[in-house]
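Q: Sequence:
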Amino acid sequence: MNVVTRFAPSPTGYLHIGGARTALFNWLFARHHAGTYLLRIEDTDKARSTDDAIAAIYDGLQWLGLAGDQPAVSQSAQSARHVEVANALVAAGAAYQCFLSAEELTSIREASKNSGDTVRSPWRDRGPSEAQLGKSFVVRMKMPSDGSTTIKDAVQGNVTVQNKVLDDMVILRADGTPTYMLAVVVDDHDMGITHVIRGDDHLNNAFRQYMVYKSMGWQEPVFAHIPLIHGSDGTKLSKRHGALSVGAYRDMGFLSDAMFSYLLRLGWSSGDKDIISRDNAVRLFDLDRIGKSPARFDNDKLRDINANYIKQMDSHSLFELIAKHFTASSDAAQQRILYMLPLLKERAKTHLDIAESVSYLIVDGPIDMDADAAVLLTNETKDILLDLNKALTFAKWDLEGLKVVINTFLEEKDLKMRDIGLPLRAAITGKKQSPSIIEIMVALGRSETNTRLQMACKLL
RNA sequence: GUCCCGUUCGUCUAGUGGUUUAGGACACCGCCCUUUCACGGCGGCAACACCGGUUCAAAUCCGGUACGGGAUGCCA
Numbered sequence: 001m002n003v004v005t006r007f008a009p010s011p012t013g014y015l016h017i018g019g020a021r022t023a024l025f026n027w028l029f030a031r032h033h034a035g036t037y038l039l040r041i042e043d044t045d046k047a048r049s050t051d052d053a054i055a056a057i058y059d060g061l062q063w064l065g066l067a068g069d070q071p072a073v074s075q076s077a078q079s080a081r082h083v084e085v086a087n088a089l090v091a092a093g094a095a096y097q098c099f100l101s102a103e104e105l106t107s108i109r110e111a112s113k114n115s116g117d118t119v120r121s122p123w124r125d126r127g128p129s130e131a132q133l134g135k136s137f138v139v140r141m142k143m144p145s146d147g148s149t150t151i152k153d154a155v156q157g158n159v160t161v162q163n164k165v166l167d168d169m170v171i172l173r174a175d176g177t178p179t180y181m182l183a184v185v186v187d188d189h190d191m192g193i194t195h196v197i198r199g200d201d202h203l204n205n206a207f208r209q210y211m212v213y214k215s216m217g218w219q220e221p222v223f224a225h226i227p228l229i230h231g232s233d234g235t236k237l238s239k240r241h242g243a244l245s246v247g248a249y250r251d252m253g254f255l256s257d258a259m260f261s262y263l264l265r266l267g268w269s270s271g272d273k274d275i276i277s278r279d280n281a282v283r284l285f286d287l288d289r290i291g292k293s294p295a296r297f298d299n300d301k302l303r304d305i306n307a308n309y310i311k312q313m314d315s316h317s318l319f320e321l322i323a324k325h326f327t328a329s330s331d332a333a334q335q336r337i338l339y340m341l342p343l344l345k346e347r348a349k350t351h352l353d354i355a356e357s358v359s360y361l362i363v364d365g366p367i368d369m370d371a372d373a374a375v376l377l378t379n380e381t382k383d384i385l386l387d388l389n390k391a392l393t394f395a396k397w398d399l400e401g402l403k404v405v406i407n408t409f410l411e412e413k414d415l416k417m418r419d420i421g422l423p424l425r426a427a428i429t430g431k432k433q434s435p436s437i438i439e440i441m442v443a444l445g446r447s448e449t450n451t452r453l454q455m456a457c458k459l460l
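For what it's worth, my numbering labels the leading residue of the first sequence as 1, then goes sequentially.
Hints are not guaranteed to be accurate.
Under the rule of at most 25 Å between Cα atoms (straight-line distance), these lysine-lysine pairs were calculated in the DSS-like manner [what the hints assert, rightly or not]:
#	residue 1	residue 2
1	LYS403	LYS432
2	LYS324	LYS311
3	LYS382	LYS311
4	LYS403	LYS431
Derived by calculation from the structure, the hints in this document are not laboratory data.
Required output: the full structure, derived from the provided sequences and hints.
A: This is the structure we're talking about:
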């Protein structure tokens, strides 16, 4: 079978984490089966849909490498077709016109809540001859009142509901526009979707939609309802959990591949593997490896995965990433950063961590001194550092050369590296923490190191 | 209320009736490495929601309870 999947977001906001993972699973399943992955914008609710949201969704998908194989279909553009199907459904007796007023509906709902019975419109049993001409109506599906329906869900297994609990959903609004419940079925059918992979908040809807397939004599797709992603406290992901949009994670410095890898492992697994490349994911992905319980979003784990990807990056790619976040004052500064990058990336969770920590490599001449670093430079330590600076005059300026000179200096002064390491770092970087200070001296070069030691150690 | 789904360390998960003293990863703690912070190495803490049943044997199968989630919209 030629597999066709789709990701069908409603454009009411940015692409959020949950949507991104749904897109990912659809993309992966299609790729695994050498099928097609399509995009559809579910904008049947015109009031809530915006162009900005559509752009943001495309942007997020693009970043994750989950753009559709064909231009996205706009659901609202298909409304004539949806209406046509609705009319066919009415003609076949599978749907009916309902003239219930808002008040009547409310009281029926009220009554059904008390009795436990499903909401039913009296109009489902009235013939077309009783239609109230000129009055507005909606079109509802006529759900069977007995028997049961079983859906073989690829993730949830066999799920059965009694048909009598299915409500007569509205498929055409009073203004004649189609609802999502109808549009989703018609579009999935027309687009030849073979596998509907979506959030399990749609599991109940699947039974209602199933009736449309049956009434139209259409083959229903394979359903795969995947559990939603929850926040760290186990509740539905919402604003108070912090960032939700894919774009926000990109802005926080997370790599596309890391996000891809993390999202993949949220609810899906392949043995013990934690970090899975795109290629391997395509090769390994399968619906029956998707878990049935909701996963919580864990920022620490994401950061760890991202750190792994950062470590694997080559220096030049990494430099391009971080270079957007500062302006190097000279070519020399660029060379210093390139030299230090292998060391810097070992200690970073995101490339932003690196960009924020290299101020001492960017500038030439005097550097900004952090307060906690400044206190390490007492008059006593300044004297020692100035002496060291003199001793450095004839050092061979590479890692080994510097080590030799510094060790000799320490022996002569009867000191240990721990006695001068911190002040030396403070004087040269203006910081209390950094990678190996000797490596930094190598990166900075002789004259820049001398300058900084002299500037920082001027006695007051 | 009714219907549907779920429940293994704090978190993501491995586990598909005996291979399990329930494994890995993140987080946390300790030790080592070390000029600092990290990284890395080693070690530690820590889970089958509960109650019954089936079976020689159950985290795994069945039933119930509890808790969580979803649906019950002229939203998607």
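Q: Flag every earlier hint the structure violates by its number, smallest first.
A: 3
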